[in-house]
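Could you put together the complete structure from these sequences and hints?
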Amino acid sequence: MKAFPFSLDGATKDWLYLQPFVPASRTASIRKEIYGIRQHAGETLHEYWERFNKLCATCPHHQISKQLLIQYFYEGLSMTDRSMIDAASGGALMDKTPAAARHLISNMASNTQQFGIRGPSQSRMVNEIGIAANQRLENQLTEFTSLVRQLVVGQHQPVMAAKICGICTLVEHPTDMCPTLQQTESDQPENVGAINGFQYGKQPYQNWPFDN
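Quick note: the sequence shown uses the numbering used here, first residue 1, plus one each step.
FYI, nobody ran anything at the bench for these hints, they're computed from the structure. Ideal Cβ positions, reconstructed from N, Cα and C, are used throughout, including at glycine. What you were told as hints is all true, and nothing was included just to trick you.
Below, in silico cross-link-like pairs of lysine to any residue (SDA-like), each with a Cα-Cα straight-line distance of 25 Å or less:
1. Lys54 to Ile64
2. Lys66 to Glu50
3. Lys66 to Leu55
4. Lys54 to Pro98
Derived CB-CB ranges, DEER-like:
5. Gln135 to Ala88: 28 to 38 Å
6. Thr169 to Asn139: 48 to 58 Å
7. Arg82 to Glu143: 30 to 40 Å
8. Gln67 to Thr145: 48 to 58 Å
9. Arg51 to Ala88: 17 to 27 Å
10. Asn111 to Arg136: 29 to 39 Å
11. Glu50 to Phe144: 41 to 51 Å
So this is what it looks like as structure tokens:
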């Protein structure tokens with residue numbers, strides 16, 4: 001038994017020595033890290049898998065089921081590696097047993113280490129995000145320009161304002177076409193003449209020079 005610790009290596013050895021020394025607060029913190037683990041930009045599947053396993057080994061009594069561990073790891077994968085694992089598992093990794101899922105992920109992680117397959121670099125991701133943001137901004141500017149153009153065209157189109165009669169306050173006719181006014185003109189021509197500034201029929205006598 002004394003020689004047993006020296007026969008261990010890697011995460012197993014870390015587990016043996018760390019188990020008695022992990023306080024409750026540290027356990028809660030590690031559990032939170034496991035829940036929210038995410039693959040870093042440019043991190044290979046192998047590197048992510050190793051980091052995940054080491055994190056779990058630092059707190060062996062995290063009390064998280066094997067099925068949930070696989071689920072948390074899977075949810076933290078990049079879109080590229082997740083699609084690759086989905087294809088390798090037939091599109092249903094979570095339908096496999098935890099042991100089968102771990103075996104599949106471990107094999108694929110080893111392949112990425114062997115062939116140096118990496119996820120999209122951070123600079124590439126930043127560029128793609130920038131391009132998408134610029135495209136959205138350009139689309140919004142195009143829509144705004146189109147809206148302004150429609151408003152300008154609408155302002156230059158003639159608008160037929162409703163004319164209200166100043167006499168009877170109806171909108172069927174303008175003031176000068178009001179039937180009341182026309183009737184008054186026909187019945188009282190002298191008054192209409194007075195309105196226009198002329199006196200018909202009652203003009204005062206004017207002394208013309210040649211009357212003498």
